[in-house]
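> Whenever a hint applies, use it, and build me the whole structure from the sequences.
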Amino acid sequence: MHPNEIVINDYVDAALDRAERADVERHLAGCVECRELVDDLREVRRQTAALQPMEPPSRVWTRIDRALRQNPRSARPMWQWLPVAALLVIGTAIGVRYVTSARPAAPVVAAPSPNGGGAAAPGGNDSANSAASRELAKSVEDDLLQAEQHYQRAITGLEQIANADKGALDPHTAATLQKNLSVIDQAINESRAALKAQPTSEPAQQSLLDSFKTKVALLQDTVALINEMRKGNDAGAARIASGLKQKS
Amino acid sequence: MTVPKQRQPLLFPSKSVTVGAGDTALVARVQAGDVDAFEALYKQHAARIYSLASRMAGSPDEGEDLLQEIFLQAYRKLGSFKGDASVGTWLYRLAVNHCLDFVRSRRAKMGRVTDTLDAAGSFEPVSPRETPLARLDLERAIEQLPAGCREAFVLHDVEGFDHKEVARLLGIAEGTSKSQVFKARMKLRGLLARRT
Numbered sequence: 041m042h043p044n045e046i047v048i049n050d051y052v053d054a055a056l057d058r059a060e061r062a063d064v065e066r067h068l069a070g071c072v073e074c075r076e077l078v079d080d081l082r083e084v085r086r087q088t089a090a091l092q093p094m095e096p097p098s099r100v101w102t103r104i105d106r107a108l109r110q111n112p113r114s115a116r117p118m119w120q121w122l123p124v125a126a127l128l129v130i131g132t133a134i135g136v137r138y139v140t141s142a143r144p145a146a147p148v149v150a151a152p153s154p155n156g157g158g159a160a161a162p163g164g165n166d167s168a169n170s171a172a173s174r175e176l177a178k179s180v181e182d183d184l185l186q187a188e189q190h191y192q193r194a195i196t197g198l199e200q201i202a203n204a205d206k207g208a209l210d211p212h213t214a215a216t217l218q219k220n221l222s223v224i225d226q227a228i229n230e231s232r233a234a235l236k237a238q239p240t241s242e243p244a245q246q247s248l249l250d251s252f253k254t255k256v257a258l259l260q261d262t263v264a265l266i267n268e269m270r271k272g273n274d275a276g277a278a279r280i281a282s283g284l285k286q287k288s
Numbered sequence: 067m068t069v070p071k072q073r074q075p076l077l078f079p080s081k082s083v084t085v086g087a088g089d090t091a092l093v094a095r096v097q098a099g100d101v102d103a104f105e106a107l108y109k110q111h112a113a114r115i116y117s118l119a120s121r122m123a124g125s126p127d128e129g130e131d132l133l134q135e136i137f138l139q140a141y142r143k144l145g146s147f148k149g150d151a152s153v154g155t156w157l158y159r160l161a162v163n164h165c166l167d168f169v170r171s172r173r174a175k176m177g178r179v180t181d182t183l184d185a186a187g188s189f190e191p192v193s194p195r196e197t198p199l200a201r202l203d204l205e206r207a208i209e210q211l212p213a214g215c216r217e218a219f220v221l222h223d224v225e226g227f228d229h230k231e232v233a234r235l236l237g238i239a240e241g242t243s244k245s246q247v248f249k250a251r252m253k254l255r256g257l258l259a260r261r262t
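For the protein sequence lines, the chains are U and B, in the order given. All letters in the first sequence, in the order written, are residues 41 to 288 by the numbering used here. All letters in the second sequence, in the order written, are residues 67 to 262 by the numbering used here.
Wrong hints could be hidden among the right ones.
Derived EDC-like pairs (lysine to aspartate or glutamate); straight-line CA-CA distance at most 16 Å [as the list claims (entries may be wrong)]:
#1 Lys-230(B) <-> Asp-50(U)
#2 Lys-230(B) <-> Glu-240(B)
#3 Lys-109(B) <-> Glu-128(B)
#4 Lys-230(B) <-> Asp-53(U)
#5 Lys-143(B) <-> Glu-95(U)
#6 Lys-143(B) <-> Glu-205(B)
#7 Lys-109(B) <-> Asp-50(U)
#8 Lys-109(B) <-> Asp-53(U)
Because the hints were derived from the structure by calculation, they are not lab data. None of the values given here were measured: they were computed from a predicted structure.
And the structure:
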């Protein structure tokens, strides 16, 4: 009786233990067909191992280069403006009191949990994903978590550093700010939900990061407004406040 | 007869690899926005990734598109490179995941709900006496393999992953990986000339 295919395969790959190998070799000693099979499979392995890397056509780099230079927005690494934005926000906050409304300084988006917690509902059909798909999704989620943490540190730092002078902003401006923040937070939550459903969706990734960027920009404007008010620059403050209201 | 090159299994980032000084400098330049540095990185690693992509996809044309996508993705994600493995390993991992995503997506589009990967392998014994004497190009022969066993074969026999890793990557049982690789080898056996 011939050894089964798994045993033959393992023999060719030298993956059998001593006893199993001896059994196969005893069989091979008396079976020409299996000997030839083993020889041929080893030849396939030998030729495969000798395969050389294939050089890609030069046009591939040309296309990549063009994409990087002509579409900086789509090709721009998501990490390039994250630390800069965070630094700008934190740097602006030094020496300036940032006044919030009564909204508590809660994290914008809860850190993803294994159960898919946070703002987005857990994905529904997890059983359908292969192990490789889960790994890819986890890798994307890890990258986004890192990005979120960058932003959240900046945002939380601002809120914590300057929280004493409530009322420095007039109620109408404060309400506008709160409204804008709520809209952005909603966009963030929706992007998170989209990513839970499709972790590899690049539009959803970009949407989430754009929302964070918008939130940081809004906070920067608010800090700048407070700064202008403290300096007594009514014109500058009015200009910034007008911009904040237009974005609502 | 030339001695075949010893193919070492390629390491995944989870295994410790010493980061070269050259890696660090090049990555730092790319992270600073130096496209020329990224081109240097591309030239170092493109052949290996193109080979993987073409063979997994079963088509050099698809391989070109995948190569482009992989490197554009790498450019966007290089900020997440932690330096605990070589950048080549990081790129390779990215490429493997991207290629797997591609083949899975293509399979889904073709509506093959029942994956051939999990079908019990039944090899077709080919009598060596009946194989054609003409020697076929191995690359073209690999392209002609059925998708399921081609993927397992490329990952195991070409790229050097063991069956446990192949099974994890493809979401199949280890025994299925062995069966698919065996099936691929048998089909290639039928296409390649015997040694005399």
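> Each hint: holds or not?
Against the structure, the hints:
no.: 1; hint: Lys-230(B) <-> Asp-50(U); in the structure: holds (13 Å)
no.: 2; hint: Lys-230(B) <-> Glu-240(B); in the structure: holds (6 Å)
no.: 3; hint: Lys-109(B) <-> Glu-128(B); in the structure: violated (19 Å)
no.: 4; hint: Lys-230(B) <-> Asp-53(U); in the structure: holds (14 Å)
no.: 5; hint: Lys-143(B) <-> Glu-95(U); in the structure: violated (24 Å)
no.: 6; hint: Lys-143(B) <-> Glu-205(B); in the structure: violated (31 Å)
no.: 7; hint: Lys-109(B) <-> Asp-50(U); in the structure: violated (37 Å)
no.: 8; hint: Lys-109(B) <-> Asp-53(U); in the structure: violated (33 Å)
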